[in-house]
Each structure stands twice: as structure tokens, then as C-alpha cells.
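**Q** Single-letter residue listing:
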Amino acid sequence: MRVCILGGGTAGWMTASALSKKLKNIIQSITLVESEAISTVGVGEATLPHIRLFNEGLGIDESSFMKKTEATFKLGIEFCDWGRVGDKYIHPFGDFGQTIDGVAFYQHLLKLTKHGDYGVLDDYAFGISAAKNNKFQLPKEGQTTLQQAFGYAYQFDAGLYAKFLRDFSETNGVRRVEGKVVDTLFNEKSGDVSSITLDDGQQISADLFIDCSGFRGVLIEQTLKSGYQDWSKWLPCNRAVAVPCERQKHLSPYTRATARQAGWQWRIPLQHRTGNGHVYWNEFISDDEATSVLLNNLDGPALGEPKQLFFKTGRRNHFWKNNVVAIGLSAGFLEPLESTSIHLIQEGITNLLELFPHENISALDTSEYNSRMSLQYERVRDFLLLHYVATKRDDSEMWRYFTNMTLPDSLQEKIAGWLHRGYIQRYEFGAFLPPSWVAVMLGQNLVPKNYDPRVDNSHFEQVKQQSQAMRADIAGAVNKAKTHADFLNVIGAASNTELLRAK
Amino acid sequence: MSQQDTSQFLVFGNTLAASMTVLALSKALPKSIKLMWVKPATACPSDLLYGGISSPDAYQFNLQLGLSEPQLILDTDTTFTFGTRFDRWGDNDQTWMQCFHLPFAATSGVELHHFMTRHKASLGDFLISAQAGLKGTFAHPPTDNLQSPLSRAEYAYHFEPSQWSAVFYDKIDKARVNVINGDITTLKHSQDQIEYVQLEDGTKLKADLFIDCSGTSSQLLVALNNDFIKQRTVQLKSETQPCAQTGPACRSITGTESGWQSVTPLREKNHLVSLYESSLGYEQTDCQIFTLGHRKKAWQGNCVGIGHTAYVLEPITPAPYILLMKDIERLLELIPVSHEVHVERQEYNRRFLNDVIHAELFHHAAYAGQREVGYGKCEKLDRKITQYLHRGILASYDFEPFNEQDWAILHAGLGRTPERYDRMAEQVDFEQTQANLDRMRAGIAHLASSMPAQHIYLEKLSMYLRDSEKHGQQ
Chain A
104 MRVCILGGGT
114 AGWMTASALS
124 KKLKNIIQSI
134 TLVESEAIST
144 VGVGEATLPH
154 IRLFNEGLGI
164 DESSFMKKTE
174 ATFKLGIEFC
184 DWGRVGDKYI
194 HPFGDFGQTI
204 DGVAFYQHLL
214 KLTKHGDYGV
224 LDDYAFGISA
234 AKNNKFQLPK
244 EGQTTLQQAF
254 GYAYQFDAGL
264 YAKFLRDFSE
274 TNGVRRVEGK
284 VVDTLFNEKS
294 GDVSSITLDD
304 GQQISADLFI
314 DCSGFRGVLI
324 EQTLKSGYQD
334 WSKWLPCNRA
344 VAVPCERQKH
354 LSPYTRATAR
364 QAGWQWRIPL
374 QHRTGNGHVY
384 WNEFISDDEA
394 TSVLLNNLDG
404 PALGEPKQLF
414 FKTGRRNHFW
424 KNNVVAIGLS
434 AGFLEPLEST
444 SIHLIQEGIT
454 NLLELFPHEN
464 ISALDTSEYN
474 SRMSLQYERV
484 RDFLLLHYVA
494 TKRDDSEMWR
504 YFTNMTLPDS
514 LQEKIAGWLH
524 RGYIQRYEFG
534 AFLPPSWVAV
544 MLGQNLVPKN
554 YDPRVDNSHF
564 EQVKQQSQAM
574 RADIAGAVNK
584 AKTHADFLNV
594 IGAASNTELL
604 RAK
Chain B
31 MSQQDTSQFL
41 VFGNTLAASM
51 TVLALSKALP
61 KSIKLMWVKP
71 ATACPSDLLY
81 GGISSPDAYQ
91 FNLQLGLSEP
101 QLILDTDTTF
111 TFGTRFDRWG
121 DNDQTWMQCF
131 HLPFAATSGV
141 ELHHFMTRHK
151 ASLGDFLISA
161 QAGLKGTFAH
171 PPTDNLQSPL
181 SRAEYAYHFE
191 PSQWSAVFYD
201 KIDKARVNVI
211 NGDITTLKHS
221 QDQIEYVQLE
231 DGTKLKADLF
241 IDCSGTSSQL
251 LVALNNDFIK
261 QRTVQLKSET
271 QPCAQTGPAC
281 RSITGTESGW
291 QSVTPLREKN
301 HLVSLYESSL
311 GYEQTDCQIF
321 TLGHRKKAWQ
331 GNCVGIGHTA
341 YVLEPITPAP
351 YILLMKDIER
361 LLELIPVSHE
371 VHVERQEYNR
381 RFLNDVIHAE
391 LFHHAAYAGQ
401 REVGYGKCEK
411 LDRKITQYLH
421 RGILASYDFE
431 PFNEQDWAIL
441 HAGLGRTPER
451 YDRMAEQVDF
461 EQTQANLDRM
471 RAGIAHLASS
481 MPAQHIYLEK
491 LSMYLRDSEK
501 HGQQ
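If you're matching them up, the sequences are chains A and B in order.
Once you know that position 270 of the first sequence is 373 in this note's numbering, the rest is easy, because the numbers rise by one and skip nothing.
Once you know that position 270 of the second sequence is 300 in this note's numbering, the rest is easy, because the numbers rise by one and skip nothing.
Derived by calculation from the structure, the hints in this document are not laboratory data.
Keep in mind that a hint or two might mislead.
Stated by the list, open to error - The following residues of chain A were derived to be distant from chain B, with all beta-carbon distances above 10 angstroms: (1) N128; (2) Y221; (3) K235; (4) N341; (5) E392; (6) V396; (7) F414; (8) E457; (9) F505; (10) D555; (11) P556.
Claimed, not checked - Covered stretches of chain B (chain A as the covering partner; in silico rule of three or more C-beta atoms under 8 angstroms from a C-beta of chain A): (12) 220-228; (13) 359-368; (14) 411-425; (15) 447-456.
Because the structure is a prediction, the values reported are computed rather than measured.
All C-beta atoms, glycine included, are put in the ideal place defined by N, C-alpha and C.
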């Protein structure tokens, strides 16, 4: 089977590297077509811990990858001004505290906080405490279960990651072709794309096309007319403006997402610079104003001209149609509030590997792929929407819009269960586990009216002591941990690049 | 009722479900919730529907309730089981061991069952729990030798529900639970709220939550809502036969003209159950008639149905036991926090329906493509079977009662062979893999043969446990 990947951004090169490594002797040829004239979006610079599995699967050395992509460790996302102006919390990767008498710790904390000051949820997560202190260590270095109960991801330069994977892919036999698609030929009878024609006249035929062409969806939409499910009524932000800036002195091991009047602003610290962007709804703010909000809220001087992006949240009706699989922004777009862009690329690749066609593409493969990916996108959508509706903010038109919104049933039920008794409606297949929902809901002041009644069956004095011990354990370990910058140095992941400075 | 206000729960029934539920609630509920158990004198016959087999989770579940494995082994006729051996099942007279197993070993990221397709091998040959079950041997999976194939095996129990009910009953703190021996004769309700129940002696009992564990009669729940969705009717005959020594660590189910017959080895006796399909016109004497199916809602108003009150599945798998555990776990997680139970009820019913439907899928799958036994068309099962046949994909839904291993073993046992396998398997050298598989098969066969027969293992284990007990080591 001959594979053609259209587009060489993060999605394209991640797909190329995975296919070339995992299906090395099976795929007859992999050709990746990209044009240097078309810039990549490269917005999703922050990741989820799942990315480590992806890299490990390719046999990538962590330190060398981090060094080459200017990567930093990521322990979570700090959300500022979301629940109320002035509030902040960190959504970490990992759980809070330790289960007591078979009941999740946060339930005990709901009771404890009614009886005095027992700290906040953050104090019971090593990842959060470390993040707040700009510290880092690997989970396996923890001396206690609690010190090991966290995950980590990376923040990297998506352009450099694509380049890194390009080297990897080309070493594994992927052929890169420079060019822009000017025409597409497809088989009238089967509806399959048979070849693409490039601006230099070159024609590239393949049995399977992977569309990583970004928002345009050159093959999946422009050619095959997949159709798009518009989720703007739930996630109405439709534009972003992005700009890197000089890095601040301390290297923080977390991403920051700050709520604004008509959207939110991201801050992603890398080794050589800090990535920033303002996602907004143009109904309530002009592009110039949005840019101004961004530029007025940077850590340091901007390193270039702000870059404008336009999008519509939602997903394709078909992620895989005929012989075209859409991966990345061509498959759908959900704002990068929880760093899911690269994760959804990874999900697409993982499912494609498992369902990679044999001689012919079967409708069974496409339907299975589409049903899995639909579920992933919908569950991420609900989690993102939670951030906008779990709030007391009504200080602008955008926030008032969310106050009056009719939520998807799936999310409405979750919020109702939480508010009533701190209950989390779980699922098995999706990116965000119960601790993530707890972090956001409590972090944004959705305090349940009641706690799990089983909590009252535990010996309260003992629970108090255990809680104190947990906090002390975490605080002590964080105190001893290395700073994030030192840790990068020690493992040989520190980049040699001079810090970028504004001209 | 609000957080920490006093409230009262009433459990009704003389079933395994009742004793397990009461014990679990008595351990988990805060003291502000009073617990009452109305226990009729006669045990409900529908406990037969457990088929005398638990799932591997029983070990941990029992332990949480304060019941250890040594106690079950010493005080009851409980035996170990690696699963169920199906003989002459279905139109093609399939024979296989539906064993319990931890996730299969993967090679280069590809799961074992794909290599079975590639190398035209039989999955059961590579599962120690299948081989040991077939050979009648048993040993506990080691926890300190993860290199041993036996460490990947899982085991469960053959048990007699009345004995387990008694053991659970003994564990209940009678000062915590008000056990009332008696039966409910009348029930007063308005719309979907039970106001009170009345006992034979005229006593009226009120409660905030009624927990119906009365078995298939659903005495309380049926008064509020009769929304049972019937699947089919079967007749079950049960008998016990003494035997000289304890049988193998597996139950057997043999397909017959009229349905099936199971033999469950207990200590020095076998429990035999015969199922006759009512639709085939077999009229048997000494049989109990059961209508299989499930309710749409297990929680109606202020009454929750646990176990066979809410669903009736034939005991060809541990599904009835698994569902009972899930019922109890679900109830514990959703103990009402106030008089307004809308949220708890809705969530309980959502999870209940998913669990039951997913358990039924597994049973349905055991008949799919075989004779028609009354299951309708099912999109979820179609997906599972077509994906498996197409390329060995084990399509899954959230928190299914049966895991991927169970499904892979069932498909393989029924002779379902995928047309293709995971393409990543092709990355692994064929000859080398074949040699590895040959070694693995031989190693597992040898290990299964070298383990002791279950009756010997149980004798020695019992002796050891009695000695330990005597010397206070337990």
C-alpha cells in the first residue's frame, strides 16, 4: 500500500514518523507533501502526558528530544480568572491525596473544609506544589506513593518538533516532496482520491491519503466534501492571535491559561522563548483589540509580529472517508485550552495504526475509526465547555452568553451530579479522568452541596491527621526537589540556544 | 434527610444479594443512617441463577467486607475455579475453556490474539488458566514470580449461595443492623413512593430508602413499576450429587438438545443445573421457571432493586455475580444525601442499564450465529462481532462487565476466526514468533500438568490453614 501524507506540520510529521516506524515493512512507500510557502499553525505547543507514550513508541530519547525542541516539562495548566476574576488554580496530571476508607480524598476534603482550614486541593498534589515552586522531578524519584502520584507532559516548539520528526521519518524512509496541491484526481466510481497534482506538475498517486493540510482540509473537505459539525454554539471563540516573547527568568513547568473578556490567553514557557496567544470570539472584540490585549499581557518583549488565526470549532462529519484520513486540524478544531490538539493527533494516529488497511480499505475500518474519534472529540468538547460554564463571571457579553447556554446533556448530567454530591460521572474512553474534572470544577468554585455520605463513616480525627501528613509529605518533597531549570541541566535536556531577544 | 440527618434504609429479602448488600452497607454507611433488614424465613430459590460461580473480583470484594479466602475455604464448600469449560456448545458443538485471565502479553505492541490468527494457533493453548482448568489442576497464581505464566492467570470461586449468604450474615454487626425475621405481606405506596411495608404480625415499617433484594419476585419494586423487558423463558432444574473427591477447578456447561447442563464442583459434591428452553416445548417436572430479561429502571421512587430483582440472566457466565457486585458498588457510590434523590436515581439507572445491557451482550454473543434463543438485533453486538471477524478488533464500551480477554476467549472458543490480524504483527519475524509460540505452548502445557489436582491442593491448603489457625497465624 502506498501512502501519501498531505501537509508537514506537527500532524503530518507525527503521522509519518509513526507509520514509518510501526509499519516499516508493510507500507510500500510513504510520501509527505509539504510546502514551505504554506506556514504551519503550530499552536499546540503544550501536550498531555500521553505524548510520552508516543515518543517512547518511536524509541525517542527524552533528553535529546527535549534539547532539540527547546522543550520544558509540564506538570499542568494554571487557570487564572476563570471561576472569578482574581482566582487561580492548577489542573495537574494526577490525583489529589490518597483514598481514605475506599473514598476519594477530595470527598474527605469537602467535609474537612467545613470544619476549618485544611488547605486547598492543590496542597494534596505533588505536581501542583512542584509547579507553583518551579520545581520538577520524575514521578519515579518520589519516595512515597503520594510523591509519585503525578504525570507530566512537555511544552515544546511545535515547529522544531515537526523538524525533529521529519529527520526521524526521513531516516525511516519517508520521502518528502516540496510542493503545493493544485489539483486532485479522484475515481468517479469509487469516490477515492487517486492522485494529487502539485504546482510543479508532479503527480503523486497513492492508495491511502492522510490529510494533514490543516483547517482547509484539502482532501477531506475540498475534495471529498466530508461536511463539518459546527460546535460554535458551545465553543464560540473563533479567532486567535499568537506571538512569542522573551522568556522570563524562572522557567515554569506549567502552561497558563488566563480568562479574558472575550476569550482567553495562553502562555507556554519554552527554554528559548515563551509562546503566547489570545483565543477570542470576534463578536465581542475586534482583531486589533484582541492583539492589543495579547501584547499588553506578555512576560517580556514580543519576538515578532502577531500572527492571526481563524477557525470554527467542531469536527468533520467523517474523519475517514473513502481513502482519505484526516488527522490534526483538517479533522476538527477544539481550542487549545487543555492542550488537546496534539493529543487528538496522537489519538488519530494510534487508531489508524490499529485499523491500517490491508489490501483494500474496508467500510468496517472507516466506521470503527470514525466512531472512536467522534467519541474522543465529543468528550474533549464537553471538558472544554466546562471551563466556560463553571464560572461566576458575568462581567462581559461573552461570559453572559455562557450563563444562558443550554448545555449538551452529557455535560449537564455531569455538572448536576457534581453540584449535588461531588459525584463524577466517569468514562473509560476519553482523555480526561475524574481528577481532571475535580480539578476544574473545584478550581472554578463549583462547590458541591453535599459530600459522599461514606465520608462520615471514617474517623474524623484520623482523617485530619492523615490529611496533615499528606500535606507535609508533599511539601517536604517539593522542598527537596530541583528547580525545573536545574533538572533540565542535570538530565542533559537543556538547550544550547541563547535566549531569544527582541530586536 | 440531609447530610448527617438521621435516616433509615430497609433491605428486604433472603438472598445472597440481601446478605451481601446489608454487610456492605453496614460497613460503609455513616451511623446516621439506620439499617434494617427484613429477612423472610425461606431463602429465595432464584439464587440458583448465580450458577454457583463468582468472578475473580470476588476475592477483593469479599476482603473489603471482612471475609477472607481462608474462611471461605474452611467454613464452606467453596472451591477454586479457572472458569467454565463449554462442551458441545452451539450448532457446531464447540468445546473451549472460558477462562479468567489477566491482559494477554503483547509483542511489539500487538496483542496475543492477533498472533493466534497469524500463526493459526489456538488461543486456549497459550492460557495457563485454560490449560489447568481442562487438566483439573490448580495452584494460586504467584505474586513473587512474575515470570511464571501462572502469574497471569486469574481464578474465582465455585460456591453455594446459601452458604455464602450465611457467612455474610455472620459477619454483620447485629448491633449496627436491626435484623427482623419475617415477611412482608402488604405494601402501601402512593405513586412511586413506598410509604410503609407491613409484616405478617401487623408491624408497619417505614424507611427513606427501600432496597429490594427479594430475587426474581421483586416484591417491592414490582409494586411501583413493572417495566421488565422479557428476553425469553427457561426452566431450570437443580440437583446435588455427592462425589468421592472434589472435581476440577472449572465448571462445565454442556449443550443439549433442549438447552444446556452445568456441573459445578464443590467440596466432595457436584451441583448440577439443567436449563430447558421453554420455546422448544420441553416440559420438565421439578423445574423452576424463570423469565430472563431486565428492568428498564432498577431504582424507582424510593426503592432500589438489587440483584435478580432487577435482572434475570441465565447462569452460563459469572454475569449474575458480576452484576450483583456492580449493583452494590453503584449503590454505595450513590447513597442518597438528601430526600431529593433525583440525581442519584438517574445516575444509578444509567449505569445499571449500561451494565446489564453489556452483560447481556456477552451472553447474546455466545448464541450469535447459533440457534435463535430470542435475542433481537443489536447494534453494539454487531459492531463487536463484525470488527472481530474482520480483523480481530475487540471493540469496547465504557466499563463493560466482561473485559477484552473474556471477549477474545469467547470469540475464539466459538470458532470465530478473524479474516485478518493487526498489521503491526507483520513487523515481528514469523519464524522467530512461531518458535516462541511453540515454546510457550509446551511450557504452559507442562506447567498445567505439573500443578496438583484441585482436590489435593484443597486438602493441603485446608490442612495448612487449620494449622495456621491453631497457631494463631491467621
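**Q** Each of the hints needs a verdict: does it hold here or not?
**A** Taking the hints in turn, this is what the structure says about them:
no., hint, result
1, N128, "6 angstroms, violated"
2, Y221, "18 angstroms, holds"
3, K235, "32 angstroms, holds"
4, N341, "32 angstroms, holds"
5, E392, "42 angstroms, holds"
6, V396, "39 angstroms, holds"
7, F414, "30 angstroms, holds"
8, E457, "7 angstroms, violated"
9, F505, "22 angstroms, holds"
10, D555, "7 angstroms, violated"
11, P556, "5 angstroms, violated"
12, 220-228, "violated (count 0)"
13, 359-368, "holds (count 7)"
14, 411-425, "holds (count 7)"
15, 447-456, "holds (count 5)"
When the structure is compared with the earlier hints, violations turn up for hints 1, 8, 10, 11, 12 and for no others.
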